[in-house]
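Student: If you want the building blocks of each chain, they are given just below.
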Amino acid sequence: MKSFDELSLKEIVNEVKDGCILGVPADYSGVPMEFTKRLIKKGIKDLKLYCLPLTTIQGDMLIGSGCVSEIEAAAVTLGEFGLAPRFSEAVENGSILIKDSTCPALHAQLQATEKSVPFMPLRGVIGSDIQKHRKDWCIIENPMKSSGVLNEPILLLPAVQLDILVFHASCADRNGNIQIGRRRELATLAHASKKVFVTVEKFLDTDFFEDELSAATCLPGLYINGISIVKNGAWPCALPGVYPADNKEIKKYSLAAKTKQGFDDYMNQSLFI
Amino acid sequence: MNSDIKREELLISQLADLLVNDKHVAVGAASPIPGAAALLAKEEAKLNNKRLRVTILHSNKYNNFTDGARELFDCAAQGRIDTFFLGGVQIDGQANINLVGTGTYPKIEKRFPGSFGSALMYFVVPQIILFREEHSPRTLVDQVDFISAPGASDENIYRPGGPKYLITNRALFKFNKNLKKFSLLKLNQNQTIQDIKELTGFKFDISENISDMLNPDTTRLKTLRDKIAPMVSEFYPEFTNRIWGI
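Those sequence lines, one after another, are chains A and B. Per the working numbering, the first sequence starts with residue 5, numbered consecutively. Per the working numbering, the second sequence starts with residue 2, numbered consecutively.
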């Protein structure tokens with residue numbers, strides 16, 4: 005028996021159910037754009053995006069296509085190309101719920117799930133309007149008298165488990181281990197997700213665990229439910245160490261998506277050619 | 002040659018001056034000018050036989066982290082980052098910053114990207130430099146519409162860090178933690194105190210040492226253009242193309 009499941013992209017897309025919590029990697033850690041387009045084409049609804057800690061074109065496209073009801077993030081932006089227009093408009097007209105957060109809180113909530121503890125403390129944040137509007141967060145007095153300052157209020161964040169995570173990576177080995185380089189937040193996301201699927205540029209007929217260097221930079225196959233080869237699967241986003249972002253295409257998107265009509269035209273062209 | 006110095010180059014030079022005592026400067030999202038300033042300060046530190054580490058989050062090359070995106074925040078909380086930069090859609094007179102949007106939350110009128118890591122970084126990094134190019138009554142306000150991160154905290158809150166400076170394309174302010182108030186320290190050339198008063202939505206003090214921003218000297222300008230600009234193009238290609246045509 006093969007040591008992992010090689011799936012088609014369609015099979016991965018079909019694993020995503022309406023209403024689920026979907027893990028979303030940041031623009032620097034392997035955005036599964038080809039998967040995202042197929043998901044939009046399928047007409048997925050009511051997704052709850054959990055971004056670690058932000059999203060760019062992936063989140064904006066999903067929101068603009070009406071696939072999202074809720075998003076938890078520290079930022080949604082097109083980076084150098086300005087605001088994420090479909091996101092901004094959806095928040096302004098109230099068509100999605102944004103659970104505003106801050107990067108370290110998004111990390112900490114998943115770290116709690118990694119350790120299977122119910123919550124994680126975090127310093128800072130207290131006194132911000134982020135904290136004031138998050139009814140699922142709470143503040144206690146530091147109960148550890150041996151550390152910290154006296155009467156120190158400290159923020160507690162609930163553990164968050166994702167239903168499903170999909171990301172794109174450079175390669176998998178013959179045992180289904182995934183090369184993620186220094187993008188260790190992908191491991192955090194995977195550890196905290198019920199199911200994990202990965203699209204890769206290629207399979208290598210090797211074993212990452214035979215070498216200390218490649219072992220240290222891989223995500224073990226034990227966390228992975230299925231892998232699919234998708235060439236250029238992050239385009240137009242970058243795949244770190246493999247190819248850069250296609251800035252021309254992202255700029256083109258940023259201009260088109262300024263209006264609903266422009267966005268629809270862009271999506272029709274990129275989904276149905 | 003000073004007449005052809007660009008506004009961005011002057012700001013980079015001003016920021017680099019604020020980093021001379023640092024050992025580790027980190028630069029977050031959407032920050033080409035702070036990124037260039039940090040790399041410039043690093044280059045100049047080398048000449049003085051000093052070591053300045055620079056971590057640029059959106060770069061693969063100028064990045065000291067291997068433990069994923071959370072390492073920036075863990076590293077900062079451990080006190081290992083001396084200076085970080087934060088911006089804001091709005092910044093108010095008590096140094097509260099708003100990166101979320103205008104209007105009454107959650108009924109936002111104009112939505113911006115979001116708070117990023119500001120709500121922790123503002124508390125734990127000793128020198129936070131607020132950076133906002135647009136200097137107008139709509140960006141520098143009396144009171145922000147949404148507090149992404151507060152400028153000051155109660156005594157019992159763990160807070161070794163906080164705002165030290167605010168720089169815009171017109172002026173440099175220093176923040177007085179005890180008075181919870183900005184004080185005008187430097188003016189960009191061609192600006193008067195009266196101009197700044199009219200363009201600032203909050204009340205501020207005026208430093209007794211107020212001076213003009215000095216242009217970078219020839220050596221610094223050459224380092225910036227010949228050496229730093231190509232480095233910045235790796236992670237901010239749009240910016241370097243616009244400013245230096247590379």
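Keep in mind that the hints are not guaranteed to be accurate.
As the list claims (entries may be wrong) - Below, a list of computed lysine-lysine pairs in the BS3-like style, where the Cα atoms sit at most 30 Å apart:
1) B:Lys62 <-> A:Lys206
2) B:Lys111 <-> A:Lys262
3) B:Lys51 <-> A:Lys256
4) B:Lys178 <-> A:Lys149
5) A:Lys256 <-> A:Lys49
6) B:Lys181 <-> A:Lys139
7) A:Lys262 <-> B:Lys108
8) A:Lys52 <-> A:Lys262
9) B:Lys7 <-> A:Lys255
10) A:Lys103 <-> B:Lys51
11) A:Lys264 <-> B:Lys111
12) B:Lys7 <-> A:Lys136
13) B:Lys62 <-> A:Lys256
14) A:Lys46 <-> A:Lys256
15) B:Lys181 <-> A:Lys136
16) B:Lys228 <-> A:Lys252
17) B:Lys62 <-> A:Lys235
18) A:Lys41 <-> A:Lys149
19) B:Lys62 <-> A:Lys255
20) B:Lys181 <-> B:Lys165
21) A:Lys136 <-> B:Lys178
22) A:Lys139 <-> B:Lys47
To be verified - A few chain B residues facing chain A, derived, Cβ under 8 Å:
23) Thr67
24) Asp68
25) Glu110
26) Pro151
27) Ile158
28) Tyr159
29) Gly163
No lab work stands behind these hints: they were computed from the structure. The beta carbon of each residue, even a glycine, is placed where N, CA and C say it ideally should be.
Student: Give me the numbers of the hints this structure contradicts, sorted from smallest to largest.
Tutor: Going through the list in order, the structure violates hints 3, 10, 12, 18, 22 and 29 and respects the others.
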